[in-house]
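Given the sequences, and given the hints that come with them, work out the whole structure.
There are 2 protein chains.
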Amino acid sequence: MKNKPPAKQQSREAPFAYEGLDRTIHERARLSILTSLLTHAAGLSFVELKQMCALTDGNLARHLQVLEEEGMVRITKDDDQGRTQTVVRVTASGRKRYLDYLATLEKVLRDAAAVDHAGQEIILPTLSPQNA
Amino acid sequence: MKNKPPAKQQSREAPFAYEGLDRTIHERARLSILTSLLTHAAGLSFVELKQMCALTDGNLARHLQVLEEEGMVRITKDDDQGRTQTVVRVTASGRKRYLDYLATLEKVLRDAAAVDHAGQEIILPTLSPQNA
Chain A
96 MKNKPPAKQQ
106 SREAPFAYEG
116 LDRTIHERAR
126 LSILTSLLTH
136 AAGLSFVELK
146 QMCALTDGNL
156 ARHLQVLEEE
166 GMVRITKDDD
176 QGRTQTVVRV
186 TASGRKRYLD
196 YLATLEKVLR
206 DAAAVDHAGQ
216 EIILPTLSPQ
226 NA
Chain B
96 MKNKPPAKQQ
106 SREAPFAYEG
116 LDRTIHERAR
126 LSILTSLLTH
136 AAGLSFVELK
146 QMCALTDGNL
156 ARHLQVLEEE
166 GMVRITKDDD
176 QGRTQTVVRV
186 TASGRKRYLD
196 YLATLEKVLR
206 DAAAVDHAGQ
216 EIILPTLSPQ
226 NA
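Line by line, the protein sequences give chains A and B.
Everything in the first sequence is counted per the numbering used here, starting at 96 for the first residue and increasing by one.
Everything in the second sequence is counted per the numbering used here, starting at 96 for the first residue and increasing by one.
Please keep in mind that the hints were generated in silico from the structure rather than gathered at the bench.
Keep in mind that a hint or two might mislead.
No distinction is drawn between identical chains; accordingly, a pair holds when it is met within one copy or between any pair of copies.
[Stated by the list, open to error] The calculated DSS-like cross-link candidates involving lysine-lysine, where the alpha carbons are at most 27 Å apart (straight line), are:
#1 202 to 145
#2 172 to 202
#3 202 to 191
#4 172 to 145
#5 191 to 145
#6 191 to 172
Below, the structure is given as structure tokens:
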């Protein structure tokens, strides 16, 4: 009987596909921006973000637009002692999506760390729960 | 005196720039391929890699070419019980470069984990040295 369905090639047979590596977040500049924003809950000004992420005005503006269109950041004009400044904050859904992404990033590191190459340096010696 | 050099804006003032996120490796498909290869020191056949990473023939071939040109993988035609098959292995320099990349990836996770958002789920609960 040659009629068996081709039941193989399930996605769980692709343990290294890392489909959770959301392309919107994985792009290096956007990963920088989002990590900066996540660690600064009060928001960051355009100038601060630019410096922290080492991005040009044009690059930062372009990537912020992508993130805003995806609903991951909110960009407002705030009044700072009489001067208007652009402030960027991560949204609740942006944070959720970033955390989902991080879970996959963790998986990459765990997969890599699970290998015990002879004579290999130990990976992840510093990673341990900080919020315990 | 207004002649002070503009000593600011050093790269150490860009803590979230993550310059170590080597673009050759960071691309999702190539990250999949390299992690697969790192965890299979004996090498993987083209077909195995394709399945593990959930890539099409064309995509896998294209990304392998990039990695080969960068000297990160070695592609050979091995004889497997009379049948020739394409086998891919990570090179020593490829592994070194991948491990450098991982160190930056770790930094992203540590930066994100350092934040203690009120009511935030604990990140990285499962990450701990496995080789201790």
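We went through each hint and held it up to the structure:
1. Taking CA atoms no more than 27 Å apart as the test, residue 202 paired with residue 145 passes between copies only; the shortest distance there is 19 Å, against 29 Å inside one copy.
2. For a Cα distance limit of 27 Å, the shortest separation of residue 172 from residue 202 qualifies neither inside one copy, at 38 Å, nor across copies, at 31 Å.
3. Proximity of residue 202 to residue 191 under the C-alpha cut-off of 27 Å is found in both arrangements, the shortest distances being 17 Å within a copy and 20 Å between copies.
4. Taking CA atoms no more than 27 Å apart as the test, residue 172 paired with residue 145 passes inside one copy only; the shortest distance there is 16 Å, against 48 Å between copies.
5. Taking identical chains as interchangeable, the C-alpha atoms of residue 191 and residue 145 lie at most 27 Å apart only when both belong to the same chain, with a minimum of 23 Å there against 31 Å between chains.
6. Taking the shortest Cα distances, residue 191 and residue 172 sit within 27 Å of each other inside one copy (24 Å), while across copies they are farther apart (45 Å).
Hint 2 alone, counting from the list given before, is not met by this structure.
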